[in-house]
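S.K.: Given the sequences, and given the hints that come with them, work out the whole structure.
Our numbering puts the first residue of the sequence shown at 1, with every later residue one more than the last.
Be a bit skeptical, because a hint or two may be false.
[Claimed, not checked] Here are the simulated distance ranges between beta carbons:
1. Glu55 / Ser82: 16 to 22 Å
2. Pro192 / Asn60: 41 to 47 Å
3. Ser75 / Pro29: 31 to 37 Å
4. Gly153 / Ser58: 38 to 44 Å
5. Glu41 / Val198: 33 to 39 Å
No lab work stands behind these hints, which were simulated from the structure alone.
For clarity, every value in this text was computed on a predicted model and none was experimentally measured.
Yeah, the Cβ is synthetic: ideal placement off N, Cα and C, and Gly gets one too.
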Amino acid sequence: MSDIEKSILIYGAGGHSKVIIETLLTINPNMKIQVYDDDVEKKQCLDFPVIHDWESISENSQIVFGLGNNNLRASLASTLKSKYKFCEAIIHPSSVVSQNSNIGKGTVIFARVVVNADSQVGEHCILNTGSIIEHDCIIDDFVHISPGAILAGGVQIGRASHIGMGAQILPLVKVGVNCIIGAGAVILRDVPDGSTVVGNPGKILSK
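M.R.: Printed below as a string of structure tokens:
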């Protein structure tokens, strides 16, 4: 995270942004942080005023998305990538991330996350508090792994999928693009694109 000493602009002023702010300040208490939101009714995010005008953004700022909606992050990244820089991955100091893993730009890794050897995590992902990514997993861009979820070895997660709190995915299982895995679900077999899966064992509710 070589560029984290530079100014960071958090796009979004909701609860997810608060966790990013506290993570950044844990890394560097003197971090230069700005918070932007399109909603003019949002005035404050923790101790930081919310700005609504791109003219107020520092020229050297690098963007990270404080937005939990996977497809919204994807849309904004596509819109902004030609004009702005995205920050390197933001990794909480209490997490354990293998030096043999690869983490994409704009991804945030919160407290007590584990990412083990030879796992690949894409851009603008969220690895939320206490989640575990075992060895050789492949996580595509814009994925959200919720608190306490566990991916066993060799699991693959497709672009913009959401893995719910406490879900468990067995080794070598592939979850498709834009899937929703419900909280506490246990996934025993591959999940097709666009599926919503709940329960133990996981059952497809809809596609």
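S.K.: Of the hints given before, which are not true for this structure?
M.R.: none
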